[in-house]
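Asker: The whole structure should be built from the sequences, with the hints applied where relevant.
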Amino acid sequence: MTAVTCELCPRGCVIPEGAAGDCRIRVNLGGRLRATTYGRPSAVHIDPMEKKPLYHFLPGAPVFSIATAGCNLHCLNCQNWQLSQRGGEEMEEIYRLDPPELVRAAREEGCRSIAYTYSDPIVFYEYVYDTAELAHAQRLANCFITAAYINREPLRKLCGVIDAVNADLKAFDDGFYRRVNGATLKPVLDALVTMREEGVWLEVTNLLIPTLNDDPAMIRRLARWVHDELGPGTPLHFSRFQPLYRMRNLPPTPVETLDLARREAKDVGMEHVYVGNVLGHEGNSTYCPRDGTLLIGRVGFMITHYALTPDGRCPSCNERIPGVWRSAELFGEQP
Amino acid sequence: MYGPRHLYSRHIHERELRFLALVLLTGCVIALQLGEGLRLAGLQGAGWRAIDLPALERRIDVGNLSEHEAVWYHEATRQETHATGAEQRP
Amino acid sequence: MTREPDRSSRQPERRRVLALLGGLGTLGLLLPWLRTSAPARPVQREISLHEADFYRPHDLAG
Ligand code: SF4
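Residue numbers (our numbering), protein chains in the order written: chain A, 1 to 335; chain B, 1 to 90; chain C, 1 to 62.
Just so you know, these hints were derived from the structure itself, not from any lab.
Beta carbons are placed, not taken as given, at the ideal position from N, Cα and C, and that holds for glycine.
A couple of the hints might just be wrong.
Going by beta-carbon spacing under 10 Å, a handful of chain A positions derived as facing chain C [as the list claims (entries may be wrong)]:
#1 Ala43
#2 Ile46
#3 Lys52
#4 Ser65
#5 Gln82
#6 Gln85
#7 Ser119
#8 Trp225
#9 His227
#10 Asp228
Calculated from the model, a selection of chain B residues having no Cβ within reach of chain A, i.e. all distances over 10 Å [claimed, not checked]:
#11 Leu25
#12 Arg39
#13 Arg59
#14 Thr77
Answerer: Structure representation (structure tokens):
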């Protein structure tokens, strides 16, 4: 009877034979840990890059997005719980998409990037890693949409094949993480710093839930931390909460709260602060932090205006806007 | 004929004893069932989950799930196993 | 004092009918419960790449 200890995320599950880790999909079969959803995603869609949300990374590009069952967090407000809070054997739908088929399918559909998203791709790490390596060999970019609850060493290795990350920073409060997400804050902060050190393009999302993490002082602390540790040029998205899953008792976030959060973040010096899940809000668009020129206009996930120069500068003051604006910046010009 | 005195003086019959035993047995089964549920729930908090293993194996057999070996794990030390109750079968 | 009529000859018959009714009632109560308490095994659908519609609208976040 051999139990195994998973080293992938800070939970460090010790799993007896025949059982799964807390994320439900890493299973101890015969004394070996198996990634049971490797090559078997349950959600495959083509989304705009803006949906991830990644606003400073290949804007407007269609991205081949996949997820398998399972997640190492258990957020009470999970929007994708039918996918994330179930094991592979409980899924109604499964695609057979081993890494080579996945990369081929993405190329055939005309996508120049793949997103590992929806649930938390940390739990299907091996699938992400192998696919991302193959994708790079074919000049496809890799985007990782995560809550960043991962140990440092696996993350460092993964950063070698990932080009862009949108990380959820759920609150600047350990108690909130424990109560609402079943996790802790410190490993998330460490992971964000590691991603920055490894040079991956990084955007941060904070979903504001009325009464739970919308205190202006907490928002200010969060924004100041992002400013100091990740840099003022890091895009910061404040996203609107919708009552779902086990948190239907709270109302959607009022737009005024999102406006306030945006002001707080700008006050501490953040240059690119966005408002998400509010259609037509001016906070959907990108402005030059120096002279306020509208650079990329967005309505929802649609780009309605694009004024950046090809090398990612403001056309009126020549300020360089941080981001990855063309895939040539990742792979060099096409031979 | 059926006065109170007569009632009080009744002996407990064998079939009443049998009925009492049945009630006690049912109580024990319910208690065991609840205890097992609580034990599993407690252990799951310690970092593992009981799953529908036959369903998983069936899906692996037909290729709908995979048994690709994970990276980033090691065989649990005795201390780890003991601390999390992982020596018990789910 | 009137004597109670002797019904002892019909008692075994009644007992059998009552047992049958009781058994059926118990089954009626248990069957739906047994069905719902069986482990959930949803029908699994393997979607082939040819039939997959990657542009199908969805409400997944991220
Ligand atoms: S990745 Fe899954 S099995 Fe591994 S430690 Fe995290 S929750 Fe546990």
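Asker: Would you mind marking each hint as holding or not holding in the structure?
Answerer: Outcome of the hint check:
Annotation: Ala43/A was flagged as interfacial toward chain C, and the flag holds, the nearest CB pair being 6 Å apart, inside 10 Å. Residue-level restraint check for Ile46/A holds (minimum Cβ-Cβ distance to chain C is 4 Å; threshold 10 Å). The closest approach between the C-beta of Lys52/A and any C-beta of chain C is roughly 6 Å, which is under the 10 Å cut-off, so the hint is satisfied. Because the beta carbon of Ser65/A sits about 8 Å from the nearest beta carbon in chain C, less than 10 Å, this interface hint is met.
This hint holds: Gln82/A has a C-beta 9 Å from the nearest C-beta of chain C, less than the 10 Å allowed. For Gln85/A, the suggested interface contact is broken, since its CB lies about 13 Å from the closest CB of chain C, more than 10 Å. At about 8 Å, the closest approach between the beta carbon of Ser119/A and any beta carbon in chain C falls short of 10 Å, and the interface hint on this residue holds. At a threshold of 10 Å, the smallest CB-CB gap from Trp225/A to chain C is about 23 Å, leaving the interface hint violated.
Because the closest C-beta pair between His227/A and chain C is about 25 Å apart, greater than 10 Å, the hint is violated. A cut of 10 Å between beta carbons decides the hint on Asp228/A: the least distance to chain C is about 27 Å, and the hint is violated. For Leu25/B, the non-interface assignment is confirmed: its Cβ lies about 30 Å from the closest Cβ of chain A, beyond the 10 Å cut-off. For Arg39/B, the non-interface assignment is confirmed: its Cβ lies about 13 Å from the closest Cβ of chain A, beyond the 10 Å cut-off.
A beta-carbon of chain A is positioned within 10 Å of the beta-carbon of Arg59/B; the least distance is around 5 Å. For Thr77/B, the requirement that its beta carbon stay farther than 10 Å from each beta carbon of chain A is not met, with the minimum near 8 Å.
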